[in-house]
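Novice: Fit chains B and C to the supplied structure of chain A, relying on the hints for placement.
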Amino acid sequence: MGVKLLLEKANVPGIRSFEVYRREGGYRSVEKALKEMNPESIVEEVKKSGLRGRGGAGFPTGMKWSFIAKPEGVPRHLVCNADESEPGTFKDRYLMEFLPHLLLEGLIVSSFALGSNDTYIYIRGEYAWIPDILEEAIEEAKAAGFLGKNILGTGFDCNIHVQRGGGAYICGEETALIESLEGKRGNPRIKPPFPAIQGLWMRPTVVNNVETLAAIVPIINMGGDEYAKIGVGRSTGTKLISACGNINKPGVYEIDMTISVEEFIYSDEYCGGIKGGKKLKACIPGGSSVPILPANLLLKTAKGETRYMNYESLSDGGFATGSMLGSGGFIVLDEDQCIVKNTLTLARFYRHESCGQCSPCREGTGWMEKILYKIEHGKGSMSDIDLLWDIQRKIEGNTICPLGDAAAWPVAAAIRHFRDEFEWHINNPELSQTSNFGLQHYADPIHVPA
Amino acid sequence: MVYIFNDTQMAEFKRLVARYPEGKQKSALLPVLHLAQESFDGWLPTEALDYVASLLQIEPIEVYEVATFYSMYNLKPVGKYVFEVCQTGPCMISGSDSIIDYIKQVLSIQPGETTKDGLFTLKLVECLGACGYAPMMQVGKIYKEHLTKEKVDAIIAEYRQVANKN
Amino acid sequence: MSEQTLFKVTIDNITVEVPAGTTILQAARKIGGEVAPPAMCFYSKLKGSGGKCRTCLVEVSKGSEKDPRPMPKLVASCRTTVMDGMEVKNITSEKVVDARAGVVEFLLLNHPLDCPICDQAGECHLQDLSFEHGKSGTRYEFQRRTFKKHDLGKNIQLHMTRCILCYRCVFTADQLTNKREHGILDRGDHAEIATHIEKSLENEFIGNVIDVCPVGALTDKTFRFKNRVWFLKPMDAHRDCPTCSGRVTLWNRGDEVFRVTARKDEWGEIEDTPDGQPGWICNTCRFEKKETADWVIEGPREISRHSVIAQGHYAGKIGTTKPHETFTAVNDGRTPQLLMDIHDQSEVNKPSVHLSQIKGPSHGDTFNNNKA
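Residue numbers (our numbering), protein chains in the order written: chain A, 1430 to 1879; chain B, 58 to 223; chain C, 28 to 399.
Excised from the complex, chain A in its bound form (with noise of 0.2 Å):
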């Protein structure tokens, strides 16, 4: 068994509410935290951590907040990111439906640290059920002292407020967040200003991810160093793994960044192996915006060395051979699974959840959809795929926002990986329709479990 920093508890029958979470040793690090520890010293456990934001970025999360600007007189905002909308990530879901009092106990510690006495969690508006959730166990922490005016007689006020989005996957881009929290459409800003500087009504503002703040806790409780002994090299602590698609035990999974993918995928600890035995063609390790790797690929690097399920090990090789940890949004694709289908609905929800302001993400995301639906129902001809790889390449890094990025990675791995089932498809329009290209052409070998 791995280390649990996060999921440990979540199993303890009514952990959802204040009684039994407190009971089991939790909001020790408020007290911690506002008692023993002052603003500058919670960033710099959290520096010493070497936590990186959980939301897919990857993004030093101390560095981040000690850009926060400080100006006399101006409030300051804390933002959590509950706007979890990519393809094949459910982990900060899981968080806030069974452990809410653990994502408030990071928030509280977190805004201290920021000094905002008014937090924000903007959740996405699907998850409908999960604001009741939040606000009961909000007016429980009241009751106790931990939140509201004069925290456990410190003097530090903070309340933290529920906000259910519209349904845009675009809100979860931090500028397209605040935009949408000020009331607006969820267009990305243009940066700068940055967040930190002019953010929530113009205000400083950071935003982070769920799983990030979550994370806050035990870094406080144990301290920034300790946590930074868990996992290895830059990925420290534990990661959320949401895993999904055609394996035995979906679910979310706490893993200590030192497992091995194969590990991963085929331990009855985790995943389980695939379902009904079958083999492992494909899989998006990080949530649909990542490259997609072949299993060749996926479970030993380019050069043969093992992949592990960490920053560094899943994007080793670059975007040639590897791919990136993400958000944690684990996909596997088994040998049955159509790569063109598959790259199909992820162009398709791409195009669907584009703002639409600036010309290459709303033009090119629409374009690839179409081109992706004429290969797949055997219209397509050999350019289209050239076409494709033409529209992603500028698209990708030509966009206000990374949304743009997102959607041409995909298209460009399936291509770069997976270019015969391109070609089987148009060069066999009919026997496409009704048949599968499976593992066919893949001579690597492909890991059968034991």
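Among the hints, erroneous ones may be present.
Some chain C residues close to chain B (C-beta under 8 Å, calculated; not the full set) [what the hints assert, rightly or not]:
| hint | residue |
| --- | --- |
| 1 | 206 |
| 2 | 207 |
| 3 | 208 |
| 4 | 209 |
| 5 | 210 |
| 6 | 211 |
| 7 | 212 |
| 8 | 213 |
| 9 | 214 |
It should be emphasised that the hints constitute simulated quantities derived from the structure, not laboratory data.
Just so we're clear, the structure is a prediction, and the values are computed from it rather than from any experiment.
Note that the Cβ used here is the ideal one computed from N, Cα and C, for glycine as well.
Specialist: Okay, now just chains B and C, sitting in the frame of chain A:
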């Protein structure tokens, strides 16, 4: 229909607005639109949008812009129960296509349509964050996960029963 | 005057000094010519505009003297401020040229090829952009996007299919009128300019959205289908207007005023009035004062000789020289025989017909009735 909040709804409206600093009441727009949609038959006609604008003291166009941007606000009438079936990657590889086909068949409607009795609307949506429990759909506030044809039958029967009782 | 900090910035190997806070685009415009990146959404007189169309992307090969690292991605020059010692590549960067060609292709993807019937033709920024940076063919083989038609009232014509979503008109309404009535509805590739409810735009300054629109999405209904801009003679004129500065450009043919617009500079933006304020004009000046007698004519407006409006008409400054009679010149002084008198064929061109007096778009019936 009159588009005005009753006392309970108005109290909730005031609670929502109170979360934000003075003068930033526009921030409550998204939650207030949810409240309006729940209060007014599950959809938002122009009258409802104008009402929300007047409550928040903003221009109607600011409400129209937002209501049309987000996918959860229905700007056309919908059935009593809206089946929002996810069709994105992870759900697709777990068999959402056959669930969608099955719902089309048993309810005799296409995506975007409502059954003649006004009970069910089928809507195809993108990732709802339940990838590990696929295939799935959202009905109102709740998620229905690990869908099978049998489960779909049971869900439809259950809602029919509830609707008949009322 | 307080002393301003000046930053040195080098764009395409040309160095200029600009005050701190200047954007790369504005610095490049100071150099002028090809060095200035094209801008479809940025409009210096509109706060908050820019960053969206991505045509002005440039490569920053050196961040500043202090931090010489290059920027990892191409940046929108309209929204990136210069740093001291910054080095920028615009047309000297292959990456930029390639990305810009991509952006032009994206912008044209769903744009209709209706230039022959579009009133913006000849002064359309998208036309210029695709001429400079685009390709002659399209790789898009799908049906172009269409929209439900919206009527914006008697003065402004909306062609949503032509819109490139630059948001300029939204900023204009926000900043010039006290109550915005139109905006961007829906999202992604279905986003559109609309009022949601059918509504005519009546605000006294709303006509300026026509001048800021880079394409033919918002055009002047009182000028619709009346004439080609390159057949008209732009004249600076003014009147004593109680609402606005009253400083305009009249677009004449003979003595007829066909169209009134604000005065635009070489970047296609509204010129400032002598007191330094943007010279926005009111609807009365724009839509209702269509008689020469309404105006004090100042003289011909200078038009860049590269503009299509100057082509084939004038040599040098417009109106200062008599148009060069190309036809006689190429015919070696011989007067060609009149092959066909167009007035026999078409009512439209009869000298007695005053096109500008016709209300609304004109078509065959208008002239048949005229005959009676």
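Novice: All the hints need checking, so say for each whether the structure fits it.
Specialist: Tested hints:
no. : hint : in the structure
1   : 206  : holds (6 Å)
2   : 207  : holds (6 Å)
3   : 208  : holds (6 Å)
4   : 209  : holds (7 Å)
5   : 210  : holds (5 Å)
6   : 211  : holds (6 Å)
7   : 212  : holds (4 Å)
8   : 213  : holds (5 Å)
9   : 214  : holds (5 Å)
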